[in-house]
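Residue numbers (the working numbering), protein chains in the order written: chain A, 24 to 342; chain B, 290 to 535; chain C, 30 to 331.
Keep in mind that the hints were calculated from the coordinates and are not lab data.
Keep in mind that the hints are not guaranteed to be accurate.
Said to hold, decoys possible - Residues on chain B that point at chain C, a partial pick, calculated with CB under 10 Å:
#, residue
1, S331
2, A354
3, A362
4, T460
Note that beta-carbon positions come from the ideal geometry of N, C-alpha and C, so glycine has one too.
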Amino acid sequence: MKNPATFAEKLQTCPKWALYLLLITVTSLPLWVPLNVPNKPKQDAMDFYEAIWKIPEGKTVLIASDWTKSTRGESEGSFSALVRILMRRNLKFAVYSTGDPQAPEVARNVVAKVNRERRAAGEREYKRFEDWLSLPFFANSEGTTGGIGNNIRAILGNAKDAAEGQAPASVLNSPVLKDVQKVQDLGLLVNVTASKTADIIVERLYGKVPLAFMVTGVMVPETSNYYASGQIKGLVGGLKGVYDLEQLMQYGINWQGPDGKTMVKSDRNGEVPGFAVDKKFLIGNGTMYYPALHGAVTLLILAVVVGNIGMFLGRKGGK
Amino acid sequence: MDRYTLIKTGFGVLATIGLYSVLYKENKFYRFWEHVFLGLASGFTLLVLWTDTLNPNWYKPMMGAAAEGADPAKPAYWAYIFLLPLGLMGYFVFSNRHNWISRIPIGIMLGLFSAEQISVWFNRYGSQIGDSLRPIVPTTWDSLTKPATQGLTPERIAEVNSQVYLSQAITNIVYIVTLLSVVSYFLFSFEIKSKFMVRFTTVGRWLLMIGFGAIFGSTVMMRFSLLIDRMYFIWIEFLKQGVLGQ
Amino acid sequence: MIPFAQIRTDFWTDLPGSSSANLKIIVGLLVGIGVIFALLRMSTQFRRPLIVGSTFIAGLYYILLWLWPKPIDRDPGEVATNPVEGLGFWLEDANPAVSQVRNIIAAFLIGLGVYSLLRIHVGKIAKQQKDWGFSLVLLVSMFGMAGVGFADWASRQGPEGAKLDNQANWGAINYVQDFLFDGLLQQMDAAMFSLIAFYILSAAYRAFRARSVEATILLGTAMILMLSLLGGISYLSDQAIEKMGGTDPNAFINNFRLTELAGWIQNSVQVASIRGLQFGIGIGLLALALRLWLSLEKMGNA
């Protein structure tokens, strides 16, 4: 539109630089001013939290970590929360990847960060090889995932990991995997992903091992299909899902906290405790970013509404 | 924040701003960082292909290994060498005259992938088909909507959950009509002449828009989350914690 | 401890590092290269049957694995009593090897992308085409990352390697690798993906108009879903509606809470529409998979 003259035309021709500047402002300001946003966790996040909490003692969890820092905003929060819960429950876990060559190193960095938090809080750190394993990247997702379903020890047989001060050794000798003879021996398989590995895992492992997914926002609608049909036990989707999980870590489900209040109630879930006393663990990505998301989405809704008002006024003026 | 981390974070911020400069317009500063990014990504891919895939899964099994610590000795499976010429056949795709040779390893991979897809199809869709068979006739008229179950006894909760209320039956009818109309919209390989079917597929197209609306909303959330993360990196990690030391 | 004492050798296996193993590897490589030379001279009429045959045989493994009777409660070391059982045992035992082969071939083929990049940019530098300086930057970054990364990886092998998990034990090469990977590559990866947020806002403002029935439905659903994702807004709206319903949890008005509305749309319409989309895609995928396996898809001339 050249030289917008009418009010309707002006409403539809806000310059790009102004929009971009507004977006930067609404996404940056809330980061400086911490805000506590009230929230009601979604059912799929509650089912996810309960599924993790119900893993039997002594079982190993296999994590398919298929994310990199390109989706740090959502995936790092998901993965950190998952690792915090597993460490809180003293469950051993092994992390592998088929989605991206950068994924294993990114996952190792997050586990190291959570270990630093635990050290600072006087909690036991998780030891590599003894408590958790960093498995390598496998180039072919379909073949590897199918192989895990048929013979997990053969697929992981060539992988090596190292305890501190030790030479790399076969992961099959690690306490993490020594009791895992077949995929059915795992307590849960969690896929933290920003790609199609979720579909690949359901196709090849559904029915063999309980599954749970933590996906980025764009994958929530299609992954909800698996949740609706019961193919996965729970789903943490996007930044909202991360925030839900962090709230659940604090307040539990149907659980009376130290202050005597039950903050999160659900008909469909049993009683699942939170870690209300360890608030310092819980200022995760979800809690930090969620207020800023409100600003950004509100700006987008306003922009769309203003644009449509301009269009309707323009049509009316033209009649 | 120590000096190394501050320098590292500072360069990360510089690279981020360099890439964001494309929002203004295409410029050489952006192109420099774009090429650095492509180079680093491809270099890292090359590295990981060797360290994480070819070395442990191909080279080491081919060469075998002596016993080390708790790991037993492994024999040399020399036949793995045949995979090298097979993989290198793929590089004939760049030859004008002999590019058909690249179709051998690609055909093998396609054959493995497509046959596996046939075998896993039902594992993915079977449960969804089952879940789509939902009751559309109410089993009780005690209440039009499903009652809340807070404060009820477990037996009463089980009884409530076992019934199909009118609201649930209507929801299930909406579900099935949506599913069938959307699937019928995709049967475009057939020419549809019946007026009912033409209208039905139109309804399917409208209801498909609801799915797309949900996808749009989720995509928006994800992209904004990534941007918020970048803002956090620049303002909080670099400026507040690094430069200002707070 | 004798390092190779427990290794049993046959035609397909040998002692690690032995001269016979090395000889077999060299001979195998020469045979492979010989096969490639033979293929270069192969007559046109044999090309398509070779490609179709290798595709079919490769895929036949998974079809047999799916359809052939599977062993149940198989004991380790159990021997097959008949050919049907024998094939079932073989299919099951071969699965890890087939997965390994897929991984290895996929790794070689992923290298195609890197090779392609090299060809283009080395060519640009050699011919000194426009902006060849950027190509030089790309190649320096690529080889720098690969070289430094390899040195860092090598330093982490062996018993001393695990000490490098602690940054206090890092050497120069570890710092450089961390700078390139975590300081640059990861941050730029994130920045690239986040650029789309700006374009989404701009595009939504300029183009997202309720001009037709379909566009209005899409717009309306997107708005409801986005509002429901904002915990603050949905919490406040839910509180307001719950106040209208009083203390009765079964009050009809509670069905109009934003979380209930969004949940109903999600469970009844959204899941159904996306499931319908997925079923349509799934049927197409099944047909395409069958056509690919049987080489019924025409993908250029052999």
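Hints and how they fare:
no.: 1; hint: S331; result: holds (5 Å)
no.: 2; hint: A354; result: holds (6 Å)
no.: 3; hint: A362; result: holds (5 Å)
no.: 4; hint: T460; result: holds (5 Å)
The structure fails none of the hints (numbered hints given earlier).
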